[in-house]
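Asker: Sequential numbering from 3 applies to the sequence shown in our numbering.
Worth flagging that the hints you see were computed from the coordinates, not collected in a lab.
Here the structure is a predicted model, which means the values were calculated and not measured.
Worth double-checking, as some hints may not be accurate.
[As the list claims (entries may be wrong)] Lysine to aspartate or glutamate pairs mimicking EDC-like chemistry, simulated, CA-CA at most 16 Å apart: (1) Lys163 x Glu296; (2) Lys159 x Glu11; (3) Lys163 x Glu295; (4) Lys10 x Glu20; (5) Lys245 x Glu174; (6) Lys245 x Glu227; (7) Lys291 x Glu240; (8) Lys291 x Glu231; (9) Lys36 x Asp47; (10) Lys270 x Asp208.
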Amino acid sequence: MRIIVIGKEGQVARSLAERARAHGAQAVLVGRPKLDLADPSGIEDALVETGGDVIVNAAAYTAVDQAESAPELAEAINGIGAGVVAGTAAAMNVPLIHISTDYVFDGTADHPYREDDPVAPLGVYGASKLLGEEAVAAEAENYAILRTAWIYSPFGKNFVKTMLRLAGDRDEVGVVADQHGSPTSALDIADGIIAVGRNLLERPEDKNLRGLFHMAGTGFASWAEFATEIFALSAHLEGPSAKVRPIATSDYPTPARRPANSRLDCTKLKEKHGVVLPPWRSSLEPCVKRLIEETRKEFLRGNVG
3 MRIIVIGKEG
13 QVARSLAERA
23 RAHGAQAVLV
33 GRPKLDLADP
43 SGIEDALVET
53 GGDVIVNAAA
63 YTAVDQAESA
73 PELAEAINGI
83 GAGVVAGTAA
93 AMNVPLIHIS
103 TDYVFDGTAD
113 HPYREDDPVA
123 PLGVYGASKL
133 LGEEAVAAEA
143 ENYAILRTAW
153 IYSPFGKNFV
163 KTMLRLAGDR
173 DEVGVVADQH
183 GSPTSALDIA
193 DGIIAVGRNL
203 LERPEDKNLR
213 GLFHMAGTGF
223 ASWAEFATEI
233 FALSAHLEGP
243 SAKVRPIATS
253 DYPTPARRPA
263 NSRLDCTKLK
273 EKHGVVLPPW
283 RSSLEPCVKR
293 LIEETRKEFL
303 RGNVG
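Construct the complete structure from the given sequences, taking the supplied hints into account.
Answerer: The structure is reproduced here in structure tokens:
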């Protein structure tokens, strides 16, 4: 299975590049300048030239706060560009897997969100991603939209790396305790994407495999609980650690509002695709260990150099 992955530097794209071989697949990453979702004119040529069995759109404008002052750019990349990708996938007659987000919800529900729950984005980022979902559904038939949340990995910028960095500078870190979600490893997401892609290829007649799905790590936590687990694992590995001071969302104002409830119900993905991501705590441990080991190697290289 040759997978065209839109995006080069993102956590999911880099995780797909790392995990594909273990599944007997090949991930070909294509991104800027060859393919720029903000410039629809070159999308079709780039995808056709690259060629593959499945297209995964793992690229997005993900700067949640900056999106509030750049709505046109966010909509161009996350909405319009996503639609062009979907139309191209349909023209190429290949399945499309599109990555979306928990931010399409307002976070007021008292239960983990299901695919058929009402959407109500709180900010520009969520609205632009919802626009992308709608564009994909309008332009393609053979697709799976995968909403996920709270992504972390050894790559790029994410909450785990931020917490470990902060713990190197201070003894206590204030972390929001009144937002809840499912911490999700990008490497687990990659495994899930590959499984979904294979299902779409091997069972093209099964319409139950298409549509909208939630895919997140098993189990829930607050950001403060997530941070506490990161520091506990790091301390066990003799890495940086700090005390967590639980704070309210109101104590940490940001330009974009975050949903208080980002929990996702992933039952449909399990029933239709047979895909269940591991418990978030079990996936967090190897990530923390890898980051600590990489930091130590960089320190040693710097000293030797």
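Asker: Of the numbered hints stated earlier in the document, which are not met by this structure?
Answerer: none
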